[in-house]
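We have chain P; now place chain A onto it with these hints.
Protein chains: 2
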Amino acid sequence: MTDVNGLSIAILGGTGDQGKGLARRFALAGHTVLIGSRSAERAQEAAGSIGSGARGGANADVAAEADVVIVAVPYEGHKALLESLRAELAGKIVVDCVNPLGFDKQGAYALPVEEGSAAQQAAAVLTESRVVAAFHHVSAVLLMDPAVEKVDLDVLVLGDDREATDTVQALAELIPGVRGVYGGRLRNAHQVEALTANLISINRRYKAHAGLRVTDV
Amino acid sequence: MTDVNGLSIAILGGTGDQGKGLARRFALAGHTVLIGSRSAERAQEAAGSIGSGARGGANADVAAEADVVIVAVPYEGHKALLESLRAELAGKIVVDCVNPLGFDKQGAYALPVEEGSAAQQAAAVLTESRVVAAFHHVSAVLLMDPAVEKVDLDVLVLGDDREATDTVQALAELIPGVRGVYGGRLRNAHQVEALTANLISINRRYKAHAGLRVTDV
Chain P
1 MTDVNGLSIA
11 ILGGTGDQGK
21 GLARRFALAG
31 HTVLIGSRSA
41 ERAQEAAGSI
51 GSGARGGANA
61 DVAAEADVVI
71 VAVPYEGHKA
81 LLESLRAELA
91 GKIVVDCVNP
101 LGFDKQGAYA
111 LPVEEGSAAQ
121 QAAAVLTESR
131 VVAAFHHVSA
141 VLLMDPAVEK
151 VDLDVLVLGD
161 DREATDTVQA
171 LAELIPGVRG
181 VYGGRLRNAH
191 QVEALTANLI
201 SINRRYKAHA
211 GLRVTDV
Chain A
1 MTDVNGLSIA
11 ILGGTGDQGK
21 GLARRFALAG
31 HTVLIGSRSA
41 ERAQEAAGSI
51 GSGARGGANA
61 DVAAEADVVI
71 VAVPYEGHKA
81 LLESLRAELA
91 GKIVVDCVNP
101 LGFDKQGAYA
111 LPVEEGSAAQ
121 QAAAVLTESR
131 VVAAFHHVSA
141 VLLMDPAVEK
151 VDLDVLVLGD
161 DREATDTVQA
171 LAELIPGVRG
181 VYGGRLRNAH
191 QVEALTANLI
201 SINRRYKAHA
211 GLRVTDV
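Chains P and A, in that order, give the protein sequences. Quick note: the first sequence uses UniProt numbering, first residue 1, plus one each step. Quick note: the second sequence uses UniProt numbering, first residue 1, plus one each step.
No wet-lab data here; the hints were simulated from the structure. Hints may be right or wrong, so weigh each one.
Same chains, same label: a pair holds when it works inside one copy or across any pair of copies.
[To be verified] With a cut-off of at most 30 Å between alpha-carbon atoms, the simulated DSBU-like pairs for lysine-lysine come out as follows: (1) Lys105 - Lys207; (2) Lys150 - Lys105; (3) Lys150 - Lys79; (4) Lys92 - Lys79; (5) Lys92 - Lys105; (6) Lys150 - Lys207.
Just chain P, same shape as in the assembly (with noise of 0.2 Å):
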């Protein structure tokens, strides 16, 4: 397993709730957390709920200064923003989870992208970072509730550059109960992505907070 010790871990939108559960359980894992935002107020107010010595600060700022940098904002400004942090992302490796899903009364359904997915959207965008695409079904409830220890889940982790898949795959595993599991190349993150939609639909039917384990690995 690679070694992620000491690696500082930005999370742009970090004031949303998966980047919030994201944020706490790596602090909780001892590493230097950046929560970014548009407003640099209100990521200091999240990173200081999450407390753990979590640090909050304008996008831009946290994309700057850290190692690693993961994207979780809403899909509608992903786009735009990673255009206006090109220069700071530059060399890094970046991981997205932005999931593109649109709802109606039928409940959640995958967005057409036009790069394929939000993952090759940030390729397309970044063309000097590493992209990896991940942790997109982390559920923010489980990530965020004190009384979960351990989190039953597989974080797929998609690339092209094994060298980032594997430090994110070692990331993934801070969280207590995760394993990370390489999921392919960037080309096929439309379906990881998408299939967000699905576990939706799962825990409305089941009342859960669905998510994947991969048998036979």
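Just chain A, lined up with the frame of chain P:
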């Protein structure tokens, strides 16, 4: 759990690996299994190799006879075959388990499908049938292996007809070790089909026969 006792099951494309593996497990569970193929003779050979009372015949004949019809043909011939069987499949539960995938040097990838997914294509063609999507991720190797007593897999079952998805969940559970888990509406079938490409990548990386389990359900 819905009672599926006594239901006869036809498998179109039952001479292929996935179809034959499913046929074998349903026959072992005591169901009447009818293997379909373009060639009745090849279907009969496949049925003979499975044993447990499985019979073989031309696709149209087994489709007409069975209570439930599983579609396990290659994607290339999928639409044309279903168009030719509209009458035979009318009123029946039709279980589509086709994965529209392409392959190149980098492995498997999802093919675009005009209707959104193979299952939605089936529903568009078979307007008088009750189309359900399921069995995409079963490993033919594990289904065929006499040494594999239990298959460690949740079968995601998708569809818009609750009674039909309940029936197919129960059929999935005829395979020892398997759970049938409702996975959402048919409009969310694409990503379940496409995820087979990721499982192929996982199999290659980990030398595994990977499947999925849904946690907290």
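Legend entry - Contradicted hints - numbers only: Violated hints (numbers, rising): 2 and 3; every other hint is consistent with the structure.
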